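> Spelled out from the first residue to the last, the chains are:
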Amino acid sequence: MTCRCHIIPPKVLERLARDKALSSEQRKDCADTVQFEEHWRKLRSLLGRSSVIAVESVAAKVTLAAKPAITVYDCATGTALPGRPIAKPADASDKSAVRAYTTTTGVADFYREVFGRNSVDARGMTLQSSIHYGRKYNNAFWNGGQMVYGDGDGEIFLDFTRSNDVIGHELTHGVTQFSAQLEYSGEAGGLNESISDVFGSMFRQWSKKQTVAKADWLIGSEIMGPDAKSQGYTCLRDMADPGAKHCLAPQPSNYKQYKAGMDPHDSSGFPNLAFYKAAMAIGGKSWEKAGHIWYQALTGYPPSPRLKMKAFAERTRQIAKSLYPAEASVYKAVDQGWSAVGL
Amino acid sequence: MDELKIERLGGLAGIGGPSSRIASRGRIGLSELSPRDRSVVENLFHAHAKGAKIAAPPLLRDGFRYRIARIVDGQAATIEVPESAVPQTLIDCVKDELI
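Those protein sequences? They're chains A and W, same order as listed. The opening position of the first sequence corresponds to residue 1 in our numbering, with each subsequent residue numbered one higher. The opening position of the second sequence corresponds to residue 1 in our numbering, with each subsequent residue numbered one higher.
Keep in mind that the hints are not guaranteed to be accurate.
Stretches of chain W that chain A covers, calculated by requiring three or more beta carbons in the stretch to come under 8 Å of a beta carbon on chain A [said to hold, decoys possible]:
| no. | stretch |
| --- | --- |
| 1 | 4 to 13 |
| 2 | 59 to 65 |
As a list, the in silico BS3-like pairs of lysine-lysine whose alpha-carbon atoms are at most 30 Å apart [what the hints assert, rightly or not]:
| no. | chain 1 | residue 1 | chain 2 | residue 2 |
| --- | --- | --- | --- | --- |
| 3 | A | Lys245 | W | Lys95 |
| 4 | W | Lys95 | A | Lys136 |
| 5 | W | Lys50 | A | Lys259 |
| 6 | A | Lys229 | W | Lys53 |
| 7 | A | Lys67 | A | Lys88 |
| 8 | A | Lys310 | A | Lys321 |
| 9 | A | Lys308 | W | Lys53 |
| 10 | A | Lys229 | A | Lys208 |
| 11 | A | Lys88 | A | Lys136 |
| 12 | A | Lys321 | A | Lys332 |
| 13 | W | Lys5 | A | Lys229 |
| 14 | A | Lys259 | W | Lys5 |
| 15 | W | Lys95 | W | Lys53 |
| 16 | W | Lys95 | A | Lys209 |
| 17 | A | Lys88 | A | Lys259 |
| 18 | W | Lys50 | A | Lys229 |
| 19 | W | Lys95 | A | Lys95 |
| 20 | A | Lys136 | A | Lys95 |
| 21 | A | Lys88 | A | Lys209 |
| 22 | A | Lys321 | A | Lys214 |
| 23 | A | Lys332 | A | Lys256 |
| 24 | A | Lys136 | W | Lys5 |
Hints were generated in silico from the structure; no laboratory data involved. Computed from a predicted model, the values in this text were never measured in an experiment. Every residue, glycine too, gets a C-beta built ideally from N, C-alpha and C.
Throw the hints in and build the complete structure from the sequences for me.
Set out below in structure tokens:
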């Protein structure tokens, strides 16, 4: 059974299985898929419940491990997850495996040392990565339980494990899943993407011990392939200048440009720029003050899947006041950062 | 010839966005598909015609979507589905290009 239409509602599949306009083979496929759907539905339900259980575990202060185990699997250009386990990824001859392992370990250290967070779920969840996903696959993604990295086509993109901010970005989708639980559409979708860019870039700066003035604020600069570089593209996105010509995926930079149905990778431009402006105005290192304000706004409230950008901006303003009551300049920096992007 | 036009969208790079510098497109004749893949594609279009919304896995982030346009006997139809619903043959015929 190779049909992968597992996300068509069962009632529709059952109707299609009886639809005489379809061939007998197609009707059988639909009937088979209904059966498969039952198993898949259970799996999805378990995945959803595991998230809920993990969130409840946080409330119950149940720690699964003192620090997360880091595991790496090799898909060997296939798409079945997780792939073959790599026994000692830190010592592997495969540079992708070493990068996935060491950078994921670095991101776990970053969240623990800077924010006191134990893994993405705050309770020591194993951080699992699969590398060499698909053939010349130009993407990396978080599937709800693990990170997945493609090798790139070698022309526009290189191996997606090369940019440490990309690995930080994907892991932060996990942090969001286990905290604010933002949806992936509408304004919450744009916030979800922005938070991954913000903490991905912050991790990159922390790794280099960089001040905000020294940071490049680029997302994906090390996955640019020779064809992209030859045409002057230096990154996927630039948090300091979302619409810049050197971005492969330039973004709008003011909330007045927001439109319903916008892809989260477009609508994340305004909150990205707001964070950049706030962090630059505060000065020093991004994770020391601005980072703590954004982290508190993400994790310090009950889950808010449909959070609007204005509400998130207001959270950061309030937190700036409460965390740094003696430093009016911090509140002013955050307030002006959001105001500059129309929020 | 009846054919499918396929466009890859989204992903970490936000491919296919209004300002994206990457176009990701392909096309394939229906006759080039295996009976199994053709059946999968037919089912996707039938489900769409009957009003089913084919959603991505709920916790997937940065995943690709595919816009598939079909012209059969002069009748055009377009669907947009997550990568997990698309046969590998269709995925393989899509090529990323800088624009």
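> Determine for every hint whether it applies to the structure shown.
Tested hints:
1. 4 to 13: With 5 residues closer than 8 Å to chain A, the stretch 4 to 13 of chain W meets the three-residue bar; holds.
2. 59 to 65: holds (count 6)
3. Lys245/A <-> Lys95/W: At roughly 23 Å apart (the allowed maximum being 30 Å), Lys95/W and Lys245/A satisfy the hint.
4. Lys95/W <-> Lys136/A: Given that 30 Å is the threshold and the Cα spacing comes to 10 Å, the pair holds.
5. Lys50/W <-> Lys259/A: Cα-Cα ~28 Å, so holds.
6. Lys229/A <-> Lys53/W: Roughly 39 Å between the alpha carbons, so the hint for Lys229/A and Lys53/W is violated.
7. Lys67/A <-> Lys88/A: With a Cα-Cα distance of about 18 Å, the restraint between Lys67/A and Lys88/A holds, given a limit of 30 Å.
8. Lys310/A <-> Lys321/A: holds (17 Å)
9. Lys308/A <-> Lys53/W: Holds - the C-alpha atoms of Lys53/W and Lys308/A are around 24 Å apart, at most 30 Å.
10. Lys229/A <-> Lys208/A: holds (23 Å)
11. Lys88/A <-> Lys136/A: Since the Cα atoms of Lys88/A and Lys136/A sit roughly 25 Å apart, the hinted pair holds (cutoff 30 Å).
12. Lys321/A <-> Lys332/A: Judged against 30 Å, a Cα distance of about 9 Å means the pair holds.
13. Lys5/W <-> Lys229/A: Cα-Cα ~29 Å, so holds.
14. Lys259/A <-> Lys5/W: holds (27 Å)
15. Lys95/W <-> Lys53/W: Status holds; Cα separation ~26 Å.
16. Lys95/W <-> Lys209/A: violated (39 Å)
17. Lys88/A <-> Lys259/A: violated (47 Å)
18. Lys50/W <-> Lys229/A: violated (45 Å)
19. Lys95/W <-> Lys95/A: holds (26 Å)
20. Lys136/A <-> Lys95/A: holds (16 Å)
21. Lys88/A <-> Lys209/A: holds (28 Å)
22. Lys321/A <-> Lys214/A: holds (27 Å)
23. Lys332/A <-> Lys256/A: Since the Cα atoms of Lys332/A and Lys256/A sit roughly 22 Å apart, the hinted pair holds (cutoff 30 Å).
24. Lys136/A <-> Lys5/W: Holds, at roughly 21 Å.
Checked against the numbered hints given earlier, this structure breaks hints 6, 16, 17, 18; the rest are met.
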